[in-house]
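K.L.:
Chain by chain, the residues run as shown.
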Amino acid sequence: MRPEDVLPGEPSGELPAGLPDAVREALLAPLVDHHCHGVRRDDLVRSQFELLITPADSPAPPGTTHFDTPAGAAIRRWCAPVLGLEPHAPPAVYLARRAELGPAEVNRRLLREAGIAAFLVDTGVDGPDLLSAAELGRLGGAAADEIVRIERAEEEIAETAASGVAYISALETELASRASRAVALTSVIAHRHGLDFDPARPSRGAVIAAANRRLTDPKEPLTDPVLLRHLLWTAVDAAREHNLPLRFQTGHGGPDLDPHRADPALMAGFLRALQPIGVPVVLLRCYPFHRQAAHLAAVFPHVYVDVGLALTTTAAGSAAVMAELLELVPFHKQLFGSGARGVAETFHLGALHYRRALARVLSARLAAGEWSASDAARVAHMTGSGNARRVYRR
Amino acid sequence: MRPEDVLPGEPSGELPAGLPDAVREALLAPLVDHHCHGVRRDDLVRSQFELLITPADSPAPPGTTHFDTPAGAAIRRWCAPVLGLEPHAPPAVYLARRAELGPAEVNRRLLREAGIAAFLVDTGVDGPDLLSAAELGRLGGAAADEIVRIERAEEEIAETAASGVAYISALETELASRASRAVALTSVIAHRHGLDFDPARPSRGAVIAAANRRLTDPKEPLTDPVLLRHLLWTAVDAAREHNLPLRFQTGHGGPDLDPHRADPALMAGFLRALQPIGVPVVLLRCYPFHRQAAHLAAVFPHVYVDVGLALTTTAAGSAAVMAELLELVPFHKQLFGSGARGVAETFHLGALHYRRALARVLSARLAAGEWSASDAARVAHMTGSGNARRVYRR
Amino acid sequence: MRPEDVLPGEPSGELPAGLPDAVREALLAPLVDHHCHGVRRDDLVRSQFELLITPADSPAPPGTTHFDTPAGAAIRRWCAPVLGLEPHAPPAVYLARRAELGPAEVNRRLLREAGIAAFLVDTGVDGPDLLSAAELGRLGGAAADEIVRIERAEEEIAETAASGVAYISALETELASRASRAVALTSVIAHRHGLDFDPARPSRGAVIAAANRRLTDPKEPLTDPVLLRHLLWTAVDAAREHNLPLRFQTGHGGPDLDPHRADPALMAGFLRALQPIGVPVVLLRCYPFHRQAAHLAAVFPHVYVDVGLALTTTAAGSAAVMAELLELVPFHKQLFGSGARGVAETFHLGALHYRRALARVLSARLAAGEWSASDAARVAHMTGSGNARRVYRR
Numbered sequence: 001m002r003p004e005d006v007l008p009g010e011p012s013g014e015l016p017a018g019l020p021d022a023v024r025e026a027l028l029a030p031l032v033d034h035h036c037h038g039v040r041r042d043d044l045v046r047s048q049f050e051l052l053i054t055p056a057d058s059p060a061p062p063g064t065t066h067f068d069t070p071a072g073a074a075i076r077r078w079c080a081p082v083l084g085l086e087p088h089a090p091p092a093v094y095l096a097r098r099a100e101l102g103p104a105e106v107n108r109r110l111l112r113e114a115g116i117a118a119f120l121v122d123t124g125v126d127g128p129d130l131l132s133a134a135e136l137g138r139l140g141g142a143a144a145d146e147i148v149r150i151e152r153a154e155e156e157i158a159e160t161a162a163s164g165v166a167y168i169s170a171l172e173t174e175l176a177s178r179a180s181r182a183v184a185l186t187s188v189i190a191h192r193h194g195l196d197f198d199p200a201r202p203s204r205g206a207v208i209a210a211a212n213r214r215l216t217d218p219k220e221p222l223t224d225p226v227l228l229r230h231l232l233w234t235a236v237d238a239a240r241e242h243n244l245p246l247r248f249q250t251g252h253g254g255p256d257l258d259p260h261r262a263d264p265a266l267m268a269g270f271l272r273a274l275q276p277i278g279v280p281v282v283l284l285r286c287y288p289f290h291r292q293a294a295h296l297a298a299v300f301p302h303v304y305v306d307v308g309l310a311l312t313t314t315a316a317g318s319a320a321v322m323a324e325l326l327e328l329v330p331f332h333k334q335l336f337g338s339g340a341r342g343v344a345e346t347f348h349l350g351a352l353h354y355r356r357a358l359a360r361v362l363s364a365r366l367a368a369g370e371w372s373a374s375d376a377a378r379v380a381h382m383t384g385s386g387n388a389r390r391v392y393r394r
Numbered sequence: 001m002r003p004e005d006v007l008p009g010e011p012s013g014e015l016p017a018g019l020p021d022a023v024r025e026a027l028l029a030p031l032v033d034h035h036c037h038g039v040r041r042d043d044l045v046r047s048q049f050e051l052l053i054t055p056a057d058s059p060a061p062p063g064t065t066h067f068d069t070p071a072g073a074a075i076r077r078w079c080a081p082v083l084g085l086e087p088h089a090p091p092a093v094y095l096a097r098r099a100e101l102g103p104a105e106v107n108r109r110l111l112r113e114a115g116i117a118a119f120l121v122d123t124g125v126d127g128p129d130l131l132s133a134a135e136l137g138r139l140g141g142a143a144a145d146e147i148v149r150i151e152r153a154e155e156e157i158a159e160t161a162a163s164g165v166a167y168i169s170a171l172e173t174e175l176a177s178r179a180s181r182a183v184a185l186t187s188v189i190a191h192r193h194g195l196d197f198d199p200a201r202p203s204r205g206a207v208i209a210a211a212n213r214r215l216t217d218p219k220e221p222l223t224d225p226v227l228l229r230h231l232l233w234t235a236v237d238a239a240r241e242h243n244l245p246l247r248f249q250t251g252h253g254g255p256d257l258d259p260h261r262a263d264p265a266l267m268a269g270f271l272r273a274l275q276p277i278g279v280p281v282v283l284l285r286c287y288p289f290h291r292q293a294a295h296l297a298a299v300f301p302h303v304y305v306d307v308g309l310a311l312t313t314t315a316a317g318s319a320a321v322m323a324e325l326l327e328l329v330p331f332h333k334q335l336f337g338s339g340a341r342g343v344a345e346t347f348h349l350g351a352l353h354y355r356r357a358l359a360r361v362l363s364a365r366l367a368a369g370e371w372s373a374s375d376a377a378r379v380a381h382m383t384g385s386g387n388a389r390r391v392y393r394r
Numbered sequence: 001m002r003p004e005d006v007l008p009g010e011p012s013g014e015l016p017a018g019l020p021d022a023v024r025e026a027l028l029a030p031l032v033d034h035h036c037h038g039v040r041r042d043d044l045v046r047s048q049f050e051l052l053i054t055p056a057d058s059p060a061p062p063g064t065t066h067f068d069t070p071a072g073a074a075i076r077r078w079c080a081p082v083l084g085l086e087p088h089a090p091p092a093v094y095l096a097r098r099a100e101l102g103p104a105e106v107n108r109r110l111l112r113e114a115g116i117a118a119f120l121v122d123t124g125v126d127g128p129d130l131l132s133a134a135e136l137g138r139l140g141g142a143a144a145d146e147i148v149r150i151e152r153a154e155e156e157i158a159e160t161a162a163s164g165v166a167y168i169s170a171l172e173t174e175l176a177s178r179a180s181r182a183v184a185l186t187s188v189i190a191h192r193h194g195l196d197f198d199p200a201r202p203s204r205g206a207v208i209a210a211a212n213r214r215l216t217d218p219k220e221p222l223t224d225p226v227l228l229r230h231l232l233w234t235a236v237d238a239a240r241e242h243n244l245p246l247r248f249q250t251g252h253g254g255p256d257l258d259p260h261r262a263d264p265a266l267m268a269g270f271l272r273a274l275q276p277i278g279v280p281v282v283l284l285r286c287y288p289f290h291r292q293a294a295h296l297a298a299v300f301p302h303v304y305v306d307v308g309l310a311l312t313t314t315a316a317g318s319a320a321v322m323a324e325l326l327e328l329v330p331f332h333k334q335l336f337g338s339g340a341r342g343v344a345e346t347f348h349l350g351a352l353h354y355r356r357a358l359a360r361v362l363s364a365r366l367a368a369g370e371w372s373a374s375d376a377a378r379v380a381h382m383t384g385s386g387n388a389r390r391v392y393r394r
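Protein chains in written order, with full-length UniProt numbering: chain A, 1 to 394; chain B, 1 to 394; chain C, 1 to 394.
Treat the hints with care, as some may be off.
If you want a taste of the chain B side facing chain A, the calculated C-beta under 8 Å gives, among others [unchecked claim]:
(1) P55
(2) T69
(3) T314
These aren't lab readings, by the way, just hints derived from the structure by calculation.
Virtual Cβ for every residue (Gly too), placed ideally from N, Cα, C.
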């Protein structure tokens with residue numbers, strides 16, 4: 001046990017030596033995590049844990065393990081010490097120690113270790129096994145707010161609406177109501193259709209017809225392109241009304257998603273259509289299309305970007321991803337988001353890799369004489385919390 | 001004032017220590033800038049200046065500035081000293097000094113500092129506010145030649161032609177005439193349509209029909225796919241006749257361009273069709289598709305490539321872009337082009353980042369024992385001027 | 001002459017200093033080359049040799065040479081000493097020495113120098129001028145097995161089948177028969193159609209109709225999408241029956257291939273369809289889509305990946321490619337394959353760049369404190385031979 005590891009807001013991930021104090025302080029300052037999800041509250045056996053540290057939805061092939069991945073190696077390296085183990089502990093040792101401490105203590109330690117001051121939680125994958133936003137905040141010693149996943153909201157409407165016409169008005173009311181209590185709306189249209197959707201708002205007639213079809217089988221996840229676009233535009237209205245950002249999951253996802261249709265560049269037409277409306281758009285994760293995302297953030301005043309969970313999945317390689325994002329992204333357009341989900345390890349690793357990766361890039365900029373120390377510190381502050389506080393008004 | 005900064009042909013960008021003399025000399029030798037545009041001749045207020053240092057066409061969001069970008073940081077770092085300021089001068093100080101010196105002196109200093117021996121100027125965005133090719137040459141102490149933007153030439157024909165048939169012959173005459181006085185032709189079909197155009201030459205009948213439609217509204221920018229392709233093939237004829245390269249803007253542009261349709265790989269079929277004709281094709285900018293562009297340059301004997309303005313926009317991150325291009329591009333196929341436009345800073349930064357980025361990559365190759373110093377020097381000479389002199393016969 | 005250079009299994013490529021012994025030993029251990037081709041057995045004049053070291057199918061432009069490429073520089077740097085020359089020997093000196101030693105000795109030296117214990121040879125480009133798998137094994141002091149290229153097998157059936165119905169059954173018999181003697185099947189559908197093929201198995205009726213058309217002109221390479229898909233699914237059956245992996249050439253190829261249709265991400269739907277069948281799929285080369293390939297290997301339990309010949313073509317830049325692959329690829333999913341073809345230099349360079357690139361990445365992971373030395377050694381062993389032995393049961 002190393003109780004000093006769990007003091008709140010003191011991230012322990014080693015930063016490169018030689019960073020100017022101002023830059024080091026900016027990097028270690030509490031973060032606003034603008035994009036995360038709940039994590040499991042219960043004891044997990046190895047097969048469960050392995051499925052929560054991989055984008056796959058099936059076990060690793062016989063004789064192999066999901067620990068043999070960049071993220072798995074990072075858990076052994078960086079999370080083991082938070083649980084009081086030596087770095088690089090073997091998977092079995094790590095999981096035994098995890099069981100010994102129990103999930104509440106493990107979650108508390110890893111959440112505190114992340115050094116996060118505020119969680120904005122996408123509750124679209126909520127369930128009884130997952131910590132709620134409020135619980136995350138309590139365990140992590142941080143503020144917590146909710147983000148609405150619009151495809152999830154739609155499911156409730158589809159199950160209750162009596163007609164296509166009723167579906168339209170109920171959806172509008174529901175999204176407006178949820179928007180009034182949330183800090184942002186998120187769409188997973190990349191998973192349901194792809195980002196190559198028609199950017200135009202569909203006609204009311206087409207929506208009614210499609211909704212009437214949907215109401216005959218409302219338990220199915222929504223994949224109809226007309227209704228997905230209608231949902232999106234209804235969300236745009238709600239976001240504008242309540243001055244909220246609209247967010248999109250983009251880039252690599254699970255096996256269900258077609259990776260070539262998850263490039264946010266495919267949304268350029270939609271982003272152009274949104275520009276006069278003034279709703280901020282946040283592109284989430286984006287990897288391996290983060291250069292495209294950075295470009296969109298550079299040319300559209302209302303577009304923001306993070307690389308979220310991609311830093312956790314690329315782990316030891318995350319500095320290169322951060323460097324590529326920073327090639328082009330305006331400093332006022334990048335946000336920290338852990339993209340955490342499933343296990344509390346992803347909070348700690350998300351924050352740690354973010355800090356380490358950004359530190360590496362800033363360090364290189366300083367060594368090359370490109371940026372001043374105060375430039376570097378300012379970029380770290382803006383990206384770590386300032387931009388999120390401005391965009392989400394939190 | 002530091003008058004020593006403005007001696008012609010002595011670029012001041014710091015190169016990595018420890019480069020062999022031959023490599024250093026090759027990197028600092030005068031460049032042929034095979035792709036640039038005019039820059040503003042007049043005084044600029046801050047809002048104007050900001051719009052000229054970003055690919056966006058609108059101001060940064062309230063409370064932010066386009067100086068908070070990699071290119072903005074580079075202006076403060078590298079251009080401030082050329083104007084006699086300390087590196088990293090704040091934006092307001094930089095712009096005040098710029099106003100104090102006046103545009104003629106600012107342009108003269110920045111152009112000279114770039115160390116460029118010849119400008120090949122795309123005059124497609126010409127206007128009274130912009131320095132002409134001849135003026136750029138005078139201020140920069142360099143030779144200057146013109147490059148014809150074919151979509152601009154077409155506009156004049158569309159406004160005067162009396163019929164579709166007349167349009168065809170007038171276009172042919174006009175391009176041939178312009179080609180006889182130019183060093184190359186450039187197409188911006190990426191901006192008007194996308195690079196996923198049908199590679200086949202359209203039929204005369206289809207062209208006449210489309211031209212007749214166009215002549216009813218000739219003030220509009222050309223976006224008809226048939227006429228764009230006809231224009232391209234007419235340009236191919238003119239380029240072959242006058243032994244000129246045909247160039248394409250590719251990769252990231254402004255908010256009007258669909259980034260996923262700007263991948264030069266989409267042109268593979270067109271490049272195959274052009275191969276027997278023998279017209280050299282130059283792919284401009286290409287970022288973030290520069291690996292695709294390098295591949296096209298590797299497999300097609302008539303294809304050349306630069307990363308142009310991408311080095312200026314990625315600034316402190318440009319060495320990674322250069323490294324990726326050099327993974328695959330044949331040494332006789334890469335060209336230096338600043339892609340400069342709008343403000344003279346982009347000439348200085350284009351040349352500086354090119355030299356620094358290439359120096360970093362060569363330095364790494366030498367340190368790893370991969371290339372000899374004479375290999376490295378030769379690559380720098382070929383890329384900096386030799387290839388352009390051969391391809392453009394200048 | 002340096003006879004000590006040609007002792008078998010002692011690769012001479014310099015690895016970074018300071019690697020822990022276990023990591024160095026793992027990197028230098030004999031490799032299983034799971035993807036290579038035959039190389040020329042005969043004397044080659046310069047024009048022939050140049051065409052074998054480039055993906056182009058035509059000579060370099062007048063006044064230039066295919067030696068002026070990353071791969072060309074690597075031949076001068078790394079292969080020259082194996083032939084007893086100084087590093088960086090000029091092309092003419094290199095080729096003169098090559099002629100002096102004669103192809104048998106050159107091939108023997110370069111193959112031995114590669115330090116490869118087993119060759120899995122794609123014989124789809126076989127011909128009398130190329131060394132057979134058995135000959136490669138003999139010269140290289142290694143085991144050798146054959147891999148069937150299914151599009152080549154189809155050509156023989158197309159030339160002899162009497163009807164569409166006969167074509168179907170003959171194809172099934174032929175692939176099953178070849179599968180029984182081979183270690184894997186390979187498809188080049190990327191070159192014949194693109195990877196954006198319909199993932200569904202075509203109907204028997206559609207196949208018979210298409211086959212009847214094909215039999216009227218059986219000498220043409222197969223490009224019909226229905227028959228290509230039928231061939232693929234017939235190969236899936238044969239692979240399942242004989243427990244073999246099915247492999248796909250993806251990423252950059254020659255001038256005939258549309259690079260934007262060679263992204264393995266386009267196959268996501270097909271990979272989903274294959275998952276329940278249990279046939280391992282190996283994605284070959286993948287560059288510049290190797291991040292997409294790594295993702296597919298991460299989300300699908302049956303998908304494996306190499307970057308093959310891309311390490312040889314990117315040469316001095318190959319460490320960046322390796323680093324990008326290792327961002328995401330599970331350690332049990334990456335395979336070493338030289339992708340060698342044409343000249344024996346590509347075996348030596350494939351193995352050398354693999355070892356050097358992986359060493360660079362592992363070295364960085366160790367220096368950053370991300371991985372333990374035993375992690376790094378294990379990754380090197382798995383990637384270099386362990387994974388291939390498991391997947392190919394060799």
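K.L.:
Compare the structure with each hint and give your call.
P.N.:
Now for the hints, and whether the structure bears them out:
1. The closest approach between the C-beta of P55(B) and any C-beta of chain A is roughly 5 Å, which is under the 8 Å cut-off, so the hint is satisfied.
2. The criterion of a C-beta within 8 Å of any C-beta in chain A is met by T69(B), whose closest approach is roughly 5 Å, and the hint holds.
3. A cut of 8 Å between beta carbons decides the hint on T314(B): the least distance to chain A is about 4 Å, and the hint holds.
Consistency with the previously given hints is maintained throughout, with no hint failing.
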